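Take the two lone chains and join them into the complex the hints point to.
Protein chains in written order, with our numbering: chain A, -16 to 302; chain B, 36 to 488.
Honestly, the hints are just simulated from the structure, not real lab data.
It should be emphasised that the depicted structure is a prediction, and the values quoted were computed from it without experimental measurement.
The beta carbon of each residue, even a glycine, is placed where N, CA and C say it ideally should be.
Please note that the accuracy of each hint is not assured.
Label-pair restraints from in silico Cβ distances [claimed, not checked]:
#, chain 1, residue 1, chain 2, residue 2, range
1, B, Glu439, A, Val75, 23 to 29 Å
2, B, Gly152, A, Gln182, 48 to 54 Å
3, B, Ser460, A, Met301, 26 to 32 Å
4, B, Glu399, A, Phe55, 55 to 61 Å
5, B, Lys297, A, Ile21, 42 to 48 Å
Spelled out from the first residue to the last, the chains are:
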Amino acid sequence: MVKFSICKMLLMDPSKKISFNRCIRDGDLVIVYERHDIMKAVKVCESSVFQNRFGLFKHSDWIGKPFGSKVFSNKGGFIYLLAPTPELWTLVLSHRTQILYIADISFVIMYLEIVAGCLVLESGTGSGSLTTSLARAVAPTGHVYTFDFHEQRAASAREDFERTGVNTLVTVGVRDIQGEGFPDEFSGSADSVFLDLPQPWLAIPSAGKMLKQDGVLCSFSPCIEQVQRSCETLRSNFTDIRTFEILLRTYEVREWKMDCSKVDDGGSVACPPGKRRRQPSSEGSVRDNPSCAAVMARPSAEARGHTGYLTFARLKCMS
Amino acid sequence: MSESKPESGPVPNPRVTWEGCSVLLDINDGDRLVFARLSAGSTLKIGNKTFSLRPLIGCPFGSLFQVESGKEKPYLSRFVPPTEENNVQDEGGCQSQEESRDNRAIIDNNQAQSLTGEDIEAMRRQGATGDEIVEALVANSATFEKKTQFSQEKYRLKKQKKYAPRVLLRRPFSRSICEAYFKKYPARIGFLRVDALSLLLSMANVTANSDVLVVDMVGGLVTGAVAERLGGTGSVCSTYLGGTPYPIEIIRMFNFSNEICKRILRCSFNDLCSVQNDMGEQVNQHEDVCAMESQSNEKTSLSVSTEDVHLSSKNGDTDLVPENELSTSSKTCKAPKAGEKATKEVIQSWKENGFSSLIVAAPEQDAWSLVKDLLPLLTYSAPFAIYHQYLQPLATCMHNLQHEKMAIGLQISEPWLREYQVLPSRTHPCMQMSGTGGYILSGTRLYTNTSQP
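One chain only, chain B, in its complex shape (with noise of 0.2 Å):
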């Protein structure tokens, strides 16, 4: 029995896109992944060619699109594959026929296929389907034949790739948005991997009315993951040294509700330890050290935003879409403000009862320096959770929690993942794996007598 939700307004888990929203699109099953804000005037660039994004709005997340040859020009069209489709390419003959093919005689001389590109062209003026042009590209290979069955498919999948992309039309979640820049810009996010992100979250314990503090250096990617847990309740205070704070742009990507926005917030660590006088020669100290990174961080901060939708021209290659001032139509798509200055009533509420878990992903930073100032401000037995792309600094946070007994339960743990490919008599781990998503040390806050609350 589905709960009645009790909030009014938009629904907090929408399925259906809508005009201004953020959405993933990703592009042959995939092969590329770009970020996009849904309007009338956004475009997609696949190929030499641009496509409008209008046919993609109000339409469910999950639906597929397929490029179509229009009367003026090809245009995204809404797709659903027919189940037969994948009951005939991979189960039908493959395990209870002998497969009696293989291909000693075929040669790799680019001379199998006897059509040619202009030939091509012809057929798509004519109006001929993708679909079509692939099954002609089949019927005019000399060496198709000859092929094993499982060669055929992957030869058709990779002209159909080619010739009637399809795009699927995807929900920003934290799951996709690390992902998809996990696998293309890696660095910006510090390396965090899916799953070392997903460790972040439960080894802090975040759950609804907990108030999170967050140091992310890693452009917004944790604040978000800690947001969208926190569904509109508690509050994620994402805080930095310095004066300025760091970019926290990938919170755009997620399609947060106002409630959700609100409580994003930043505060500088000058501002969450004002009260305390005694702190304040520890802060100028930090000050000095952190100038530097914020304005390393201030760079490339710019390229990280989806204000809106009009792709680089250069073959496709910047798939994550930056700032771009050609914007369209901000007007209609702007995003709910987050990140805003917490008030002075919210720094005081969370000096009296603490926070409830702390997250740090700082892959630049000493993670002992930041740990030391920051464990007092955590509730007494609050967990928390440090990423670091390197193993050193995390080992030397950790002898030194010891050894000043400020935490226990301390591990540090390294996350390992493989993906596998499940297919008929095929099944093995996939040949391309990640090295490395960096390593955690988690830990619970104790208390001592000379904690300061």
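Chain A extracted, bound-state conformation (with noise of 0.2 Å):
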């Protein structure tokens, strides 16, 4: 398999950076921007095209244009081109299997004290949303160390390792964590330790072995009787145990302009609430001028419910 990715996601190298200037080079992967909810991740080649509903774009137009750039199609449509960043990846990476998101992810990375030159064991891998993430926080000393127990998902995982350049960060292995633990080799190595499996509480007594004193453990559990399972079997060599929900609500923002010739104290159609425009009228009234504008914010109407939980504890002080 031909190793690409010139363009790393992380800064492994000063000199790779993104700056003012470093132009898109072939080679490179970028994040194709058609809508916030429509993005995918394309591997810049010369020669090669890129088409969409807005008609069909040349990557050799694309090559020696800043990111950040709008380029157009033979049709006159036009994308963006982004700098990949482990957020973007999270929303184009394949789903092989359900992932966490942006809410879910900051909060685990936080919470875990994770720092560069942490070592840092994780399973499931799963699609890699997550592992991508502790790859970037544990840069550029660090290591994550990533299990899963399906050979295939490894494979696929450790292929967009690869594209997005954080292989050398991330080593992942095949291994039924829940039945035979953690390899030995790492007990009392790591700083912190995740865990999304189905039967967690089998994998937390080899967890404890892994992590360093006053080390963290997390573990995500979509359901409550798995919580309560894996805090029951925390409670020997755990401390400080905090299991907490997070979510994330966003917000539509509009500009309302409406007709306000006929504004006072009765009750005519007036601005709606929000923060008018300061109007430069010496009188300051509203009156005198026939339009006002307000922009305003609501609750998107779409909302997720649920994702999982997160259990967190610390590793108990024994010496």
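Here's what the structure looks like:
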């Protein structure tokens, strides 16, 4: 398999980081942005084309342009070319399993206290959504060892990590962590452990052996019964056991221009509540202006109700 | 296999305390949080007694200490809870046994306990340990046996917290520092909750070797969290409008190595733009607006430091240590310098390459006026994340960014966080919950032909 991805997602090599002087090159990974909910990861190739409902785009037109550029198709439609980040990657990667999204991912990384140089163990790898962000957090001197019992998924994950350039920070192993635990070679050397397994309580004792003193463990489970059983198991060797749910509520924004020629104390159709643009009127009276505009925000109609429960715990200090 | 760390010098992630390090003391399981700096002379006040913190030096983070009555006076002693203790309390007969007791006959008239305060003092003088006192209280309570098992556990825990308080030694980390401030002095960090802080770091793609531009008006919490993620690579530029830098004292609580401190730099907005003469006019307008802001910030800055440990004697109300002139051993407790002024060379390199991302945490400012001037300093396709306590300024900012076609992928998010109590037969969301952690506007900067590098 040809190794590509010259433009790496993570800034492992300072000379290759995105900057004003760094333009799109042959072999780079770009994120094609059509719409906020339609994006795709594309590898730039001199002779290739990209096709979508807006038309045909030649990759050769992209080469030499800065990231963040707007590019046009043969039909005059356009898309944007963005530099890849772990967040954008989570939105475009192929889902082989249910993945973790940004709200859970961000919280996990903060709560597991992961910083540069840390050694992190993870199981299962799944689609590698969290793994990519873990790699970002431990860069440049740390490492993530991730395990999945499904051989094909592990292989797909390895491919993705090469594509996004995090393969030097991540090692994928094929192993049944519930049945066998983590490999002994990691005993006492992990700063953090993350579990996303159907029966995490089976892996918790092994995780306890892997962690350094005061190291942090996180277990992600969709069902409360799994959480209860995990917490019971955690109580013997762990402390500071906390369980959370985290969700993101998004807002839409709109400008509302209204005809406000009749604004008085009577209940006429006044401007909707919200911040009004300051009108340069000496009287300060809205009556002088034929229209007023307000930018308003409201929660999006679509919302996620649940992803999973996040249970965190610290290894007790025994010595 | 643990990676051998290439950098020489102190271990980047030390797990044992040392003289002069900054720690977070967790008293009675989260009831009270205190930041302290460990030294031979530092002390901690619990109730009406003062304890030396010297026993804590050289111990692993995560160690637990309990108040013990010594020959002369009580002291903090290292304590390892036996694992059986937890099992008995939480598992034991709880689930299998049917609970037949209830509280129908228990009258709350303060008459149940037959030991008096004097009795307890006498016991203490005779050298009884905290645990022994708790057991004595249990034995002398007329209603104890009538209580349900859960109720008995609660009673025991309450007494233990009062008569045998425990102190947990915690590592200051962006997580623990943010939580402590959010609990006690949320206004000082603009109500930035820990999940919102974590989102800022992700959405702005903070990673090694990046140059992050930060507008930090939350005491330095964001600057510190960014520096923590950078881990001694790249740089974080804390910029400010007007002439006075915003206070970033919270950085001192992080125990940053010299390598990390070196990369926390400050630069006024004027200096960042000084090469471009046409920016001059815009800059003057900002100075007026922000002179007032800087002054009000200065007043709060003095109360947010931890040069030394001596706590106020007001019944332990001031839990986050105020700057105190009585610092007894400030010589040994020097915090490494962070927040140095950026040199011309560094500023030049930032201008040539552009910043990798932008984080704004300025809860009292208007988002759009800041962002429209700061965005041009970012490299193309750089992500940004703007935090605000209020929705409206972000809505206006988002609308304007869309209208001016300066950014793409714009989204306003509000993080929602709920904690659960998970105990056998007693699992439910916690009764208390935070109502808000603020709002975040995120997006990616676009390249336009008219953009100035």
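Structure versus earlier hints, numbers of those that do not hold, lowest first: 4
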